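Q: Below are the chains, spelled out letter by letter.
Protein chains: 4
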Amino acid sequence: MGLTIGVDIGGTKIAAGVVDEDGTILDTCQVPTPPTPEGVVEAIAHAVRTVGSDSAAEAVGIGAAGYVDDKRATVLFAPNIDWRREALKDKVEQRVGMPVVVENDANAAAWGEYRFGAGAGHDDVICVTLGTGIGGGIIMGGRLYRGRFGVAGEFGHVRVVPDGLLCGCGSQGCWEQYASGRALVRYARQRATATPEAAEVLLGLGDGTAEGIQGKHVSAAARRGDKVAVDSFRELARWAGAGLADLASLFDPSAFIVGGGVSDEGDLVLDPVRKSFRRWLVGARYRPHAQVLAAQLGNRAGLVGAADLARQG
Amino acid sequence: MGLTIGVDIGGTKIAAGVVDEDGTILDTCQVPTPPTPEGVVEAIAHAVRTVGSDSAAEAVGIGAAGYVDDKRATVLFAPNIDWRREALKDKVEQRVGMPVVVENDANAAAWGEYRFGAGAGHDDVICVTLGTGIGGGIIMGGRLYRGRFGVAGEFGHVRVVPDGLLCGCGSQGCWEQYASGRALVRYARQRATATPEAAEVLLGLGDGTAEGIQGKHVSAAARRGDKVAVDSFRELARWAGAGLADLASLFDPSAFIVGGGVSDEGDLVLDPVRKSFRRWLVGARYRPHAQVLAAQLGNRAGLVGAADLARQG
Amino acid sequence: MGLTIGVDIGGTKIAAGVVDEDGTILDTCQVPTPPTPEGVVEAIAHAVRTVGSDSAAEAVGIGAAGYVDDKRATVLFAPNIDWRREALKDKVEQRVGMPVVVENDANAAAWGEYRFGAGAGHDDVICVTLGTGIGGGIIMGGRLYRGRFGVAGEFGHVRVVPDGLLCGCGSQGCWEQYASGRALVRYARQRATATPEAAEVLLGLGDGTAEGIQGKHVSAAARRGDKVAVDSFRELARWAGAGLADLASLFDPSAFIVGGGVSDEGDLVLDPVRKSFRRWLVGARYRPHAQVLAAQLGNRAGLVGAADLARQG
Amino acid sequence: MGLTIGVDIGGTKIAAGVVDEDGTILDTCQVPTPPTPEGVVEAIAHAVRTVGSDSAAEAVGIGAAGYVDDKRATVLFAPNIDWRREALKDKVEQRVGMPVVVENDANAAAWGEYRFGAGAGHDDVICVTLGTGIGGGIIMGGRLYRGRFGVAGEFGHVRVVPDGLLCGCGSQGCWEQYASGRALVRYARQRATATPEAAEVLLGLGDGTAEGIQGKHVSAAARRGDKVAVDSFRELARWAGAGLADLASLFDPSAFIVGGGVSDEGDLVLDPVRKSFRRWLVGARYRPHAQVLAAQLGNRAGLVGAADLARQG
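Protein chains in written order, with the working numbering: chain A, 1 to 313; chain B, 1 to 313; chain C, 1 to 313; chain D, 1 to 313.
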């Protein structure tokens, strides 16, 4: 199979693109994410037809946040869209006349990085996406591991603090409350409140208040050496690295690929993550260490990965 | 291949047995575990020759505590025997003249349960052994998953309490400090010290002091309704169930198989574990739940599993 | 001084009462708590005039949630009313023509219990109020200890879980997130969600949903043996008792007096609290143990205590 | 009363000194700490007679690690010497012919700092000694607060991590496991093991191994900018500052005096402690902040304080 179409459903926009066998995006389009489940299906179909009309694309891969069943056809539960047991594959196939594969968006992104990004040369890869929350994907022996019910790799909801912070999932102490972009902002706000004199750059970038601090402000301020911003990244890195050490005990990959907005800062973030990873890696002296790599495809990973999964059928 | 020999290296004794294709042990022998690395190799060879001399066994599988490299030939590090990069496969092959496969003992036991025990009908199984420590094995899609460097499935050393109890591995807060047999004894001793009047049965089974309480006493006292013993099992179950919920987020298996001394009490332990598992399972309303099953093979699982892995080459 | 007037400012109503030297309330009235700071001052004055008009009361003591300065005149900060550096003493004195003393409500309640309730015979008492949040009061050597800035005894905001639950105070892991009435409801809802079949009584008392569970339902269900309700009280008791053990390390009192809605259930709650206290009490074998007593005055403690503090000037 | 003698019983040596009303030590002597309880009593008496023979000293104050009863006469329990209900006051009085007061060593040191050191101008002071363990002393309203049974101020054994590190006291997660000199060394060893290339100075000061690192090495390396040493102090400071914030919620002092070996580095340590204190101080915007001061008397505080307590009778 040559060309396929990848679709990435985000909270605010849906992106579709024609992708070739080398993972290159040939054509792309975006539409806003409609508020209703039906609207989303129509928007997906519209986006697919838009990019696919002039191409020889033969299949569609859709990456969606949520639990996707093991037939890769139905979204059991989505956090952002009001889908409950939504038969997405069937509905889109009826509209676009091509075979459709549905995959969890983090899995799709992991597959994209594994095939065309940072994963080159590795067959046992754990992808961790540090975005607003934390997503993940598991590649073992060159295959995407989805779990029995299609919902493996929910790294963000591993409990890292007993009796810890409440999470939107209903549990407490989930990793994504400590190592995601949202956690980074919380660290920065708490610290800027306590010691505003050490956060002058950071506060200057927002509206001057701790509550006005956004993730982009923390990144920009850290690059300029703002003490609170740097400390906030360091705190995030402690949790991120400790979590990777746990994942190493569980999966023993040859590489971690770290993506998501938090990782856009590259080694500014990844170096302290690596340090924390090494500190907490069990048996560090007696085993090869997994590499901690930055993702390479940015927000294209999901679209490219979904398209490639559709190619593989 | 018909008959193979399984070897299980324990801290105090080494067991070898001839095993057929159905997982039945036809002949077996035990020798004490020698104190030196060389002695252990000789003892393994001796045990293999003892059970194998009259049989048609064609291969040997060895289960050993520690990190085993991805060629399943070398023990990188063992916690109980002074092995550092021990070429166990080569050394034993030279002595017994049969092909040898070395596997982590928890992996071997997991494989045994998957093939001939509680795992019947499941192809995505996580085995958790709650013994003195906690071991684990991962079966995904019907295959033993070993990780890139052969050291996956070290569930016992996932950090469940930041800044928690020191672990023999050098880290802190490892799961096995909270959900293993050793943890059970600690809970019982702490509680019996604080409220001895609620531990009369328990204290009566040992030497009358909290320090004299052993794991077997806690089990026996719990069966007789001793309050401290029951509470100690309940505390262990809270940690065990929460850990299984984390493993469900990561691996999404169709079943957990729980073995090890702690689980010998069956539903007395497993029912509270299941309750805690359900409490902490993320997305519980939107996904099928993995079953939590008791292991069936007891301490034969490692030997039988190692033999079967040797059969599969 | 003979009669004085005590005022207790609650979130929904303001109570005033004339109190004699034995702590007996002779006359009382209640008015709703107005929404504005000015309204509250007027309502206090109105309530004081209502009960005081026919009496020989000579002074007024006011108990208010929040930080009260060391002159016992100004409320620096209140969590429920929009007071910032509110000169409550001056404003009320101007309106009622009697000397006024302002005290933190938990301190006032502690003083009431010490003088006329469970504290009889003890001069070193720590009062802990397990209500919606957790309040506290410190009596040392027969004197109310207020701290340098009048804000000692904020037991509810001691951090008991690093990186724990967010608290309304802006910090994380505060004790009141784990051992208050609000925590009790959270435990019950989480457990009823996970194992509804073990919460039939509890769910039947509310609207049938976990979200509909209120504190009074948990108490009623626990008395009827509902498993989830009993377990929820037990979880609360674990945290409460461990916190008392910490307070014993710090203050070494001869008695704890436990009040608040959670403690209305008496020994149903206090017995597990005592058990947990003993489990975590440091040096338990080498020191006398503080008693853990139930408060006796209920919600009259604050009013009576405030009145008595006004008497003492 | 003019001159008195202070005695400080340490783990390795016993110091005695004649002290005047201004807290000046006029004469002093040291003897090794004997291994037996009886030997310690004799050594104390010998030291007292040595310094006191030519002086007009009229009373003796003894500071001893452990629980001291409320009559300040009997050591109920000592962690380092095998004392159980040791009638130290009587035994020493019989030997030296002067009135003797026994006080917990941390209380004595707190009193010394309050009277003649950093506490000048403060009447509500919390002293925290970050040494091998953590000791404490409470001065409220200008008086040493000892608790009902003489064992208040055991700050080091407040639980700051549920299910945390085992403590010699039998409990878990005690503050002194995270913010003492011993904790500092643990942090340094863990980090030097994980990232030896960032600990070159530190490792060079010891025997080259992580296990060889001592507290003095961490201090010296931190002054020279060693990354691991600096990070270790920072980790200690996080815990120390958070603990002070808790003590502020409880005691609301006007000042903290921080002493002990860890604080010898002065602002190198205290500045990050202050930062962490401010981060975690509850209600920081609505209350005056306690100062965090360095102790001034060093290891003389206990001797001077014990002497002054004897003067006061």
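Rather than coming from a laboratory, the hints here were simulated on the basis of the structure. Mixed in with the good hints, there may be bad ones.
Identical copies look the same in the list; a pair holds intra-copy or inter-copy alike.
[Unchecked claim] For lysine-lysine, the following DSBU-like pairs were computed, each having C-alpha atoms within a straight-line distance of at most 30 Å:
1. K275 <-> K71
2. K227 <-> K275
3. K13 <-> K71
4. K216 <-> K227
5. K71 <-> K227
6. K216 <-> K275
7. K91 <-> K227
8. K275 <-> K91
9. K13 <-> K227
10. K71 <-> K91
Since the model is a prediction, treat every value here as computed from it, not as a measurement.
Q: If a hint holds in the structure, say so; if it does not, say that too.
A: Status of the hints after comparison with the structure:
Taking the shortest Cα distances, K275 and K71 sit within 30 Å of each other only across copies (29 Å), while inside one copy they are farther apart (40 Å). In this homomeric assembly, K227 and K275 come within 30 Å of each other (Cα to Cα) both inside a single copy, at 19 Å, and across copies, at 12 Å. Only within a single protomer do K13 and K71 lie at most 30 Å apart by alpha-carbon distance; the minimum there is 26 Å, versus 47 Å between protomers. Taking CA atoms no more than 30 Å apart as the test, K216 paired with K227 passes in both settings, with 16 Å inside one copy and 28 Å between copies.
Taking identical chains as interchangeable, the C-alpha atoms of K71 and K227 are never at most 30 Å apart, the minima being 49 Å within one chain and 38 Å between chains. In this homomeric assembly, K216 and K275 come within 30 Å of each other (Cα to Cα) both inside a single copy, at 24 Å, and across copies, at 24 Å. Taking the shortest alpha-carbon separations for K91 and K227, neither the intra-copy value of 51 Å nor the inter-copy value of 44 Å comes in at or below 30 Å. In this homomeric assembly, K275 and K91 never come within 30 Å of each other (Cα to Cα): the closest approach is 47 Å inside a single copy and 38 Å across copies.
For the identical chains of this complex, K13 and K227 are neighbours neither inside a copy (35 Å) nor across copies (44 Å), given an alpha-carbon limit of 30 Å. For the homomeric pair K71 and K91, the shortest alpha-carbon distance inside one copy (15 Å) is at most 30 Å, but the shortest distance between copies (47 Å) is not.
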